[in-house]
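Chemist: Letter by letter, the chains look like this.
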Amino acid sequence: MTGEWIRFGFVALFLISSLVCFTLAVTGVYRLGFILNRMHAAGIGDTLGLLFATIACFIAPAELSDTLKIILLVLFMWFTSPVSTHFLSQVEYYTNSDLYRYTDRDLSVRR
Amino acid sequence: MIKDYFDHWLDGECDPTRDIYEIARVPDASRSELKDMARKSREEIASRDTTRSAISAQKKGFYAIYTIVAIVSCIALIGVLLYSVSLLPQYGRVNPRAAAVVERYIEDGVAETGAINIVSGIILDYRAFDTLGESHVLFTALLCVMVLLRMDSKNMRNKKEDYALMMHENFFDLSHDGIIRTVAKVLLPSLLVFGAYVLLNGQNSPGGGFSGGSILGATLIIAASSFGLSRIGNVFTRRASECATFISLSFYSFAKGYVFFTGANGLENHIPKGTPGAILSGGLILPLDIAVGIVVTCTMFGFYSLFRKGMIGNDN
Amino acid sequence: MIETAYEYLYYGALIWLGLLILAMLIRSIIGPRITDRLLAINMIGTMVICAIAVLSRALGEGFLIDVALIYAMISFVSVLILARTYIPASGLRGRFADEERGEYEEARDSIGDEVLEGEAPGEEDSHDR
Numbered sequence: 000m001t002g003e004w005i006r007f008g009f010v011a012l013f014l015i016s017s018l019v020c021f022t023l024a025v026t027g028v029y030r031l032g033f034i035l036n037r038m039h040a041a042g043i044g045d046t047l048g049l050l051f052a053t054i055a056c057f058i059a060p061a062e063l064s065d066t067l068k069i070i071l072l073v074l075f076m077w078f079t080s081p082v083s084t085h086f087l088s089q090v091e092y093y094t095n096s097d098l099y100r101y102t103d104r105d106l107s108v109r110r
Numbered sequence: 000m001i002k003d004y005f006d007h008w009l010d011g012e013c014d015p016t017r018d019i020y021e022i023a024r025v026p027d028a029s030r031s032e033l034k035d036m037a038r039k040s041r042e043e044i045a046s047r048d049t050t051r052s053a054i055s056a057q058k059k060g061f062y063a064i065y066t067i068v069a070i071v072s073c074i075a076l077i078g079v080l081l082y083s084v085s086l087l088p089q090y091g092r093v094n095p096r097a098a099a100v101v102e103r104y105i106e107d108g109v110a111e112t113g114a115i116n117i118v119s120g121i122i123l124d125y126r127a128f129d130t131l132g133e134s135h136v137l138f139t140a141l142l143c144v145m146v147l148l149r150m151d152s153k154n155m156r157n158k159k160e161d162y163a164l165m166m167h168e169n170f171f172d173l174s175h176d177g178i179i180r181t182v183a184k185v186l187l188p189s190l191l192v193f194g195a196y197v198l199l200n201g202q203n204s205p206g207g208g209f210s211g212g213s214i215l216g217a218t219l220i221i222a223a224s225s226f227g228l229s230r231i232g233n234v235f236t237r238r239a240s241e242c243a244t245f246i247s248l249s250f251y252s253f254a255k256g257y258v259f260f261t262g263a264n265g266l267e268n269h270i271p272k273g274t275p276g277a278i279l280s281g282g283l284i285l286p287l288d289i290a291v292g293i294v295v296t297c298t299m300f301g302f303y304s305l306f307r308k309g310m311i312g313n314d315n
Numbered sequence: 000m001i002e003t004a005y006e007y008l009y010y011g012a013l014i015w016l017g018l019l020i021l022a023m024l025i026r027s028i029i030g031p032r033i034t035d036r037l038l039a040i041n042m043i044g045t046m047v048i049c050a051i052a053v054l055s056r057a058l059g060e061g062f063l064i065d066v067a068l069i070y071a072m073i074s075f076v077s078v079l080i081l082a083r084t085y086i087p088a089s090g091l092r093g094r095f096a097d098e099e100r101g102e103y104e105e106a107r108d109s110i111g112d113e114v115l116e117g118e119a120p121g122e123e124d125s126h127d128r
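Protein chains in written order, with numbering that gives the first Met the number 0: chain A, 0 to 110; chain B, 0 to 315; chain C, 0 to 128.
Calculated from the structure, these hints are not laboratory results. Where a beta carbon is used, it is the ideal one built from N, C-alpha and C, also for glycine. Just so you know, nobody snuck in bad clues.
Per the computed footprint, the stretches of chain C lying under chain A, defined by three or more beta-carbons under 8 Å from a beta-carbon of chain A, are:
#, stretch
1, 47-56
2, 77-86
Computed Cβ-Cβ distance ranges for the label pairs, DEER-style:
#, chain 1, residue 1, chain 2, residue 2, range
3, B, 70, C, 25, 28 to 38 Å
4, C, 77, A, 39, 16 to 26 Å
5, A, 9, B, 73, 53 to 63 Å
6, B, 245, A, 97, 50 to 60 Å
7, B, 110, A, 62, 25 to 35 Å
Here are some of the chain C residues that sit facing chain A, going by a computed Cβ distance under 10 Å:
#, residue
8, 23
9, 31
10, 32
11, 59
12, 71
13, 72
Make the full structure from the sequences, and use the hints.
Modeler: So this is what it looks like as structure tokens:
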């Protein structure tokens with residue numbers, strides 16, 4: 000019986016820390032000034048929050064096939080979420096002509 | 000004389016508005032001369048009196064009437080639709096006209112179709128005729144888009160004149176990225192396997208032909224964005240896509256036609272139903288899922304390729 | 000006792016995630032550049048995946064994880080295709096606008112006059128001269 004309560008404790012811990020990560024990510028996107036800074040907050044907060052939430056669902060009582068599919072989900076998201084952020088930063092780099100105002104170095108050398 | 004002119008026009012031998020709406024084709028002129036001729040003809044048309052009076056009539060009254068008619072017809076349409084929605088039974092209550100059909104589906108569904116997933120049993124067994132029509136609609140949509148958008152030898156002017164178009168596309172092409180290629184090498188096999196899993200599991204859990212086909216189509220789109228459309232076009236040619244869709248649709252039509260024929264005449268079709276819960280169960284549901292999945296995959300990737308490049312595959 | 004504790008936990012997490020999704024939706028309307036909006040849509044997608052995973056535990060159904068996996072794939076494909084469409088489409092107005100416009104116009108004007116020789120294949124018979 001206490002085993003069940005320990006399991007519940009761990010699930011609650013991981014789920015609440017994932018919610019904290021997502022909240023920090025959303026706060027970062029609202030408070031930071033420039034899009035390339037916001038991408039830092041969004042990318043890191045998203046990925047970590049998803050990891051904690053899936054660990055919580057992994058520990059929670061479930062069937063075997065569901066837990067294996069959750070591992071597949073987190074592997075897929077960890078492969079593709081950084082690539083999406085990489086592409087968004089490429090969009091910003093190639094289409095913003097006032098980038099020199101926000102950076103220290105001279106970015107006018109191409110590729 | 001006018002009758003001869005009219006007969007000529009009716010046979011397609013002459014075109015009276017040719018010098019008014021288009022510039023006559025002068026093959027010796029250079030590009031800048033053609034641009035000058037186009038600009039002059041546009042200015043000439045804009046300076047005529049009929050054009051000016053038409054434009055001022057538009058500005059005066061036409062737009063006011065247009066706005067009023069638009070608002071009135073929108074309100075009328077919204078009123079009619081809301082009234083007909085209010086005649087439907089309330090959400091969640093038993094529909095008195097459809098109760099018998101719903102009971103039959105729920106109680107005898109597993110025994111009669113052999114599929115645990117009742118939705119798959121309905122769309123591919125009880126109401127397979129509608130799904131047949133839907134697959135034909137997908138195929139026809141792909142054909143129509145091909146008719147409208149395909150660049151073949153009849154509507155490409157020269158191979159050289161659309162050189163500017165292709166140079167524009169290659170100039171801004173960005174598939175030299177190493178990151179997406181490495182990630183795609185790992186992701187694509189697992190995504191293909193996952194798509195096949197969703198497709199083959201149509202009768203036991205939510206999935207089936209349409210969702211599995213969409214996953215496979217989206218996987219091909221990721222592959223085309225990572226490795227370049229020409230490399231995928233070496234495998235996925237126009238003939239391959241046409242053959243695949245045609246064979247799948249014919250198989251669906253003939254197999255289901257046999258079932259319709261035997262069912263309508265009260266005969267027994269000897270298609271084994273298997274045990275509910277296994278993969279090879281549900282009678283014809285599994286092969287029909289595969290056929291629908293192939294049609295959906297070819298349609299999705301065909302749309303992407305036609306909109307981006309104008310052809311499926313690499314040559315015409 | 001434990002069941003109600005789990006229920007409170009899951010549904011509370013779902014409500015909080017819903018509020019965060021609403022906040023990101025507002026961000027996608029405000030954001031001054033298009034990259035802000037794309038970023039907001041990406042984050043909404045990730046939070047929806049998280050919510051579907053938590054929902055599958057709350058309802059006890061196993062097939063919702065498949066739905067989450069498909070949604071992850073669709074959001075990845077959409078960000079990929081939108082980014083790759085937007086960069087070439089705005090190429091002549093973006094960062095390298097002046098250099099690239101010059102190069103592009105040079106290349107386009109250097110095609111020359113020999114391109115316009117010859118008939119288009121569909122128009123061979125409609126001369127009325």
